[in-house]
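**Student:** What follows is the residue order along each chain.
Number of protein chains: 4
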Amino acid sequence: MSSTREAVTGDASVDSLSSRFQAVRGATTALCETLEPEDFVVQSMPDVSPTKWHLAHVTWFFETFVLEPYAEGYRVFDDAFKFLFNSYYYGVGEMHRRPDRGLLSRPTVGTVRRYREHVDCAMGALLQERGEDPEVVARVTLGLNHEEQHQELLLTDIKHVFAQNPLKPAVNPALRPAPAGTASEHRFVAGVAGIREIGAAGHTFAFDNETPRHRVLLAEHALGSRLVTNGEYLAFIEDGGYRDSNLWLSDGWAAVLERGWNRPLYWSEDREREFTLGGERELDRNAPVTHVSYYEADAFARWAGARLPTEAEWELAASDLPVRGNFVETGFWQPVVGRDDEPQLFGDVWEWTSSAYGPYPGFRPLDGALGEYNGKFMCNQMTVRGGSCASATDHLRASYRSFFYPDARWQFLGIRLAKDGAA
Amino acid sequence: MSSTREAVTGDASVDSLSSRFQAVRGATTALCETLEPEDFVVQSMPDVSPTKWHLAHVTWFFETFVLEPYAEGYRVFDDAFKFLFNSYYYGVGEMHRRPDRGLLSRPTVGTVRRYREHVDCAMGALLQERGEDPEVVARVTLGLNHEEQHQELLLTDIKHVFAQNPLKPAVNPALRPAPAGTASEHRFVAGVAGIREIGAAGHTFAFDNETPRHRVLLAEHALGSRLVTNGEYLAFIEDGGYRDSNLWLSDGWAAVLERGWNRPLYWSEDREREFTLGGERELDRNAPVTHVSYYEADAFARWAGARLPTEAEWELAASDLPVRGNFVETGFWQPVVGRDDEPQLFGDVWEWTSSAYGPYPGFRPLDGALGEYNGKFMCNQMTVRGGSCASATDHLRASYRSFFYPDARWQFLGIRLAKDGAA
Amino acid sequence: MSSTREAVTGDASVDSLSSRFQAVRGATTALCETLEPEDFVVQSMPDVSPTKWHLAHVTWFFETFVLEPYAEGYRVFDDAFKFLFNSYYYGVGEMHRRPDRGLLSRPTVGTVRRYREHVDCAMGALLQERGEDPEVVARVTLGLNHEEQHQELLLTDIKHVFAQNPLKPAVNPALRPAPAGTASEHRFVAGVAGIREIGAAGHTFAFDNETPRHRVLLAEHALGSRLVTNGEYLAFIEDGGYRDSNLWLSDGWAAVLERGWNRPLYWSEDREREFTLGGERELDRNAPVTHVSYYEADAFARWAGARLPTEAEWELAASDLPVRGNFVETGFWQPVVGRDDEPQLFGDVWEWTSSAYGPYPGFRPLDGALGEYNGKFMCNQMTVRGGSCASATDHLRASYRSFFYPDARWQFLGIRLAKDGAA
Amino acid sequence: MSSTREAVTGDASVDSLSSRFQAVRGATTALCETLEPEDFVVQSMPDVSPTKWHLAHVTWFFETFVLEPYAEGYRVFDDAFKFLFNSYYYGVGEMHRRPDRGLLSRPTVGTVRRYREHVDCAMGALLQERGEDPEVVARVTLGLNHEEQHQELLLTDIKHVFAQNPLKPAVNPALRPAPAGTASEHRFVAGVAGIREIGAAGHTFAFDNETPRHRVLLAEHALGSRLVTNGEYLAFIEDGGYRDSNLWLSDGWAAVLERGWNRPLYWSEDREREFTLGGERELDRNAPVTHVSYYEADAFARWAGARLPTEAEWELAASDLPVRGNFVETGFWQPVVGRDDEPQLFGDVWEWTSSAYGPYPGFRPLDGALGEYNGKFMCNQMTVRGGSCASATDHLRASYRSFFYPDARWQFLGIRLAKDGAA
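The listed protein sequences derive, respectively, from chains A, B, C and D. Under this note's numbering, think of the first position of the first sequence as 2, with each following residue one higher. Under this note's numbering, think of the first position of the second sequence as 2, with each following residue one higher. Under this note's numbering, think of the first position of the third sequence as 2, with each following residue one higher. Under this note's numbering, think of the first position of the fourth sequence as 2, with each following residue one higher.
It is worth saying that the hints were derived from the structure and are not from the lab.
Which copy is meant is left open, so a pair is good if it fits within one copy or across any two.
Simulated crosslink set (SDA-like; lysine to any residue; CA at most 20 Å straight-line):
no.	residue 1	residue 2
1	Lys377	Trp262
2	Lys377	Glu259
3	Lys377	Trp304
4	Lys377	Asp408
5	Lys377	Asn87
6	Lys420	Val217
7	Lys420	Pro213
8	Lys377	Glu95
9	Lys169	Leu266
10	Lys377	Tyr406
11	Lys169	Asp101
12	Lys83	Gln165
13	Lys377	Arg99
All values derive from a computational prediction rather than experimental measurement.
Turn these sequences into a full structure, and let the hints guide you.
**Tutor:** Right, dumping it as structure tokens:
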């Protein structure tokens, strides 16, 4: 199997890595500024982790995979945290049961903050001393990308927690609404066909699941010029979309019946309002629809006489586009209204593809416990692409593959249409 | 149905009621002094409520049943709390789902404290103004007894929360261990037989389920001179008690198999240590066994060639004994070693009786929503008697009936033996 | 513990016992005459057993508890049947899981019939040879009473099986409807008060749970002159009985919400028809309501301003009445319309009492594995009295105690009202 | 969407179609010759259907999709069967709940046989009259292929039913054991690479999910020369395969832990014997391993340093091979020992591929309710290829795609290895 080091390429001098370390760690902390200590504790479903668990787990990642093997004389902050804050790395040892993360009032938020400081301090020293050791660089870079993934989870998880509360509190009451606007006309744009290459090219950091770069064969097809909007999704609902079994995959229809789905996850029952990180707000019909499952995306596409894109179709369309996001930088954490002037494949909502998440031909996971990062999830999940408004901008790229079970809805998940044949 | 007022008798002058109000409310707050804000949030199973829920619910009780009907011009603190902090009074309105109480990070502990102050302030004024109105007195007295019940639940619930935590934190690290000692020899003492009376006599406060006082017919029997100890329960375990289906009720044996029970709830796997409110401590073999279900108490009794007492047998034995407890006053919140000099029926552990919880002949619940307090639980539960080390001393009396499902173990629940015939 | 023998008294000469053996065994077989082989296989819920399981289990009972210990040289029919047809006697060995009884297509009905013949033949010889041995008499008598209990279960279980079938087949298409009639006026009749005796007097067979006969103390009360009718229960429904939480025990209300109960088990949705052993028929408003849970009986009584009787009240009222039933003899297996001329406490529907099923003072179960017959169920269930239209007439008596969980509805379970004070 | 007709090509003259109709229908009936009426009733898990349900459902298919639309004056056998024997065609109407199929003792086996005769008679007449109508031909052909699929399910379902029975009865006691032999040496054989075509070519019947034929791009790879044997799988087990989380997909490891998997479905606990359609027999170490889930196949491949083939790799390897099977023809219904002289891709066990089941580029399901046949299952399942010893020989072809959830084990499911690069 490949070593961690091979997974990383590009400039990572000591100074820039230290700076980036501080920037990413600081961004995580900044996300919690509006939270009360009580908010850090709750786990609203097994998929959701408490905020303080995220803060501690990403720290555990640096402690376990960087400090313990590379920082001589490093003193572990608390031995019990090995058990409490391991997520799913069996190679490292036993772990606390995922559904029980919300049962822990201790360690307190204060203790978790001290844990972060303890690790940050040791990391600062290590980076000074061994910041050019390629394996250290590779693992720190992986740790920072890992932490950026958890920044997004932290936001989507606390959104889910607050959404369960009948008081409907805002995670960040100061968040501006995303700018209103008019959705451009939806068109189908011819995609790239023939034999092409997808996968990480090796110029920048990439996860192992983006490799190896390889050839794919694409038939003629076309992609939607923009994301499906709330207004269009409303039309689907009003046309009986949730009542017509013919539109649904068999497992999707079972989900509709068993869970009583009849609208996106955070819409109010009257379909007039939507719960956002800034609290409950009027539904913007021109904004991209989000918090829909794969089943809903697939049913919508069938209703619209279209289909969802494959991940290869998506990646080739995105390859030459600039990445954008709105995360902390922009200050509104909702997908924004489609713009006509530029294709918008990044940073609004993850776009469901019709591709089951699996290994690329010749895929080899990282060595050791880090090999559990991505590879062991290559079954039962669907690939999503493009990143969301809660993704750090510098975290995204055309080859990036994320993945969720087809019934997942708590992430910013949306819909781009595709169809066979020329546009 | 009877009015609330009839349920209360005895002295309750304005001053003493105001003082008692402040004392009880203050005692509740004092129980939380060692907790961090994060600790107030967690619900470790549906039977357990978060600490801040208890603090708010007992306050809601005064707001709903005293201030709203009797305090002219009273301003409700927050309308949403009617929904959030109603426990099970359908007569008052809809309520938040019990198993979801742990999903609420808001209102914060600070807000709940302000809620308490708001209500305490209004209650102070009301008691000054209408503190001799018998219905006000009756309802305030009921509210204080209600709050004392929740003091005990608050302690047993937070104990359960902390027991789930692999860090095994102490709820109160300063708690002294209960004094060591030697268990007296266990004897059977002849009980009271013939036609007798049980139930509340009307001299002091009593809940509706203790009424009406009525005649019962008791056969000859004898009761254990003291509670069953940890050491005796260990002997049961070591004799294969948890592996012999003949000792168990059918439903109890199913519980043993399905839940893997093989020791009391808070014993360590090696049976050497016990989790207490003061943290994990060495098991005291002379102390009363506690945190056992009815099924375990019943199986132990069968193994010992005895049975559990009926509630009438217990009440008549307890009728002339002084009540004792160790709650806040004594400063150790564990059952204490049996003493030889005085019968010890109160204030260590609730004692399982063989009596299913039901209505006394002629029972009539309180009027209105308060009638839901006790009566609607008169099915599927077993009566327990005597109060525990977590009960407020002035809250207990011989006629007091509490009740739990036969599989409950998270309360301080213990075992007293009985047998048929003369001692 | 007492021996089996003590549980039985009365005449049981060889001839009469042999005759009775043949009569009871034959009656069981006769119940299945209208069934197809496929009907014998199905288990529609864990409480229900397949018909052929009943036929085999009662046979296993004679084989295990009579033939094996007392018939020298007896050859067991099939060793595997010890495992397959043991119901819940841990003392005898391991057993097939109850919920899996419907997974067995083999042994076939034919093989089970041969099993019955094999055992009947050996029993005939044993009774000739040792039919006056008191322990044999006692165990055979117990076995026959056991088989009569299973006759009733066989009928109620196959009724449940057929009720699940959208074809709504009749168990016995030739069954006459119970005679129509007019319900007499409902009155309350003064019951027996003071110190009295209940329990088996020892003149006839009785199960261990009916002993020992003992004194009870009854307050003044009155009992309904007849069972509650379908028409009266309809009035409860139409008055919103299933929508008013105030009428229900807490656990009952949870059952209403979770299971969507809004009428007795076998009523059609429009409340016009009722599924019977003779197929679906028009609801007879004058017939006793049946197939209601304890929760429903209790809620109905509360709605009616009454309560359910205790088992002592019921037994004393029934003590001097003649037993009647309609089982095989009468040929209609539905409760019949109340008659004015005679109190009707037996043989229509089991009557829910407010008494939790428990041991009488001084109760001792039978010795050995037979001690598992009754005693280990003395928790979480409610006592029912009087027997039903599916009970063998000679099986019933005033002291007879049966018991069901409060949510059970698949038996013929009905309602008699009671109230405190003189009539 | 395409019409049914387009899905069928090739010779289907009236006579041959009538003959084939009779042959296929007769083969179904023949499969049940060794069963008792009781055997036709049981459903041992939701995925399994009772034998008589299969017999009726395939008949319902002809009645609904052929006779009702095309046979003038056709009289439906029983209207209720539309509801009872519809499997999952929402377009046709409501249906009986799948997990409840085992609750139906009626219609009896005899009635189901009469149903078959009624439909066969009408089909005979229709085929005489309109046997050249291309749409009739297409639908009858589809119906026969459908019935052949259910022949296989009938066998695997009744095998599962019998396997639950502690008596371990044989479905067919006369079944010869598959011939013993020696497994050939396992080699990797270079597969076909580059741009190729897969999918149904239109010369013979194919299901819609095999279309359209399309180009695929394959990298260099090699396939195992034969299936993995029981002996090889034993080595995996003995090497701790079921205890090493590193070998497993995350969802697979969860299945291992939750369900306690430690061997293939029908192996005895001591791994010496295997339950077959002919009863329990000694495990043949040279025979192909079967009744393993995708998770187990994938873990085995990882342990072996290999991977599973993609469906394109498999199909290209199989394209020029003759189809073989052993179904009714051969008389043993177990996979047979690998032979050295010919590649053996068909007719032993379905071979798990690493390809998630999804639509081919440009896939269009059949029109109308028949479009529900395959398309709506294109999520969460894995494609399997090659057919099993329970498949009708004339039913299989290289392009055939079947599909199961990754945790399915009750079919004849086995393992062929693959690896990247030249052999």
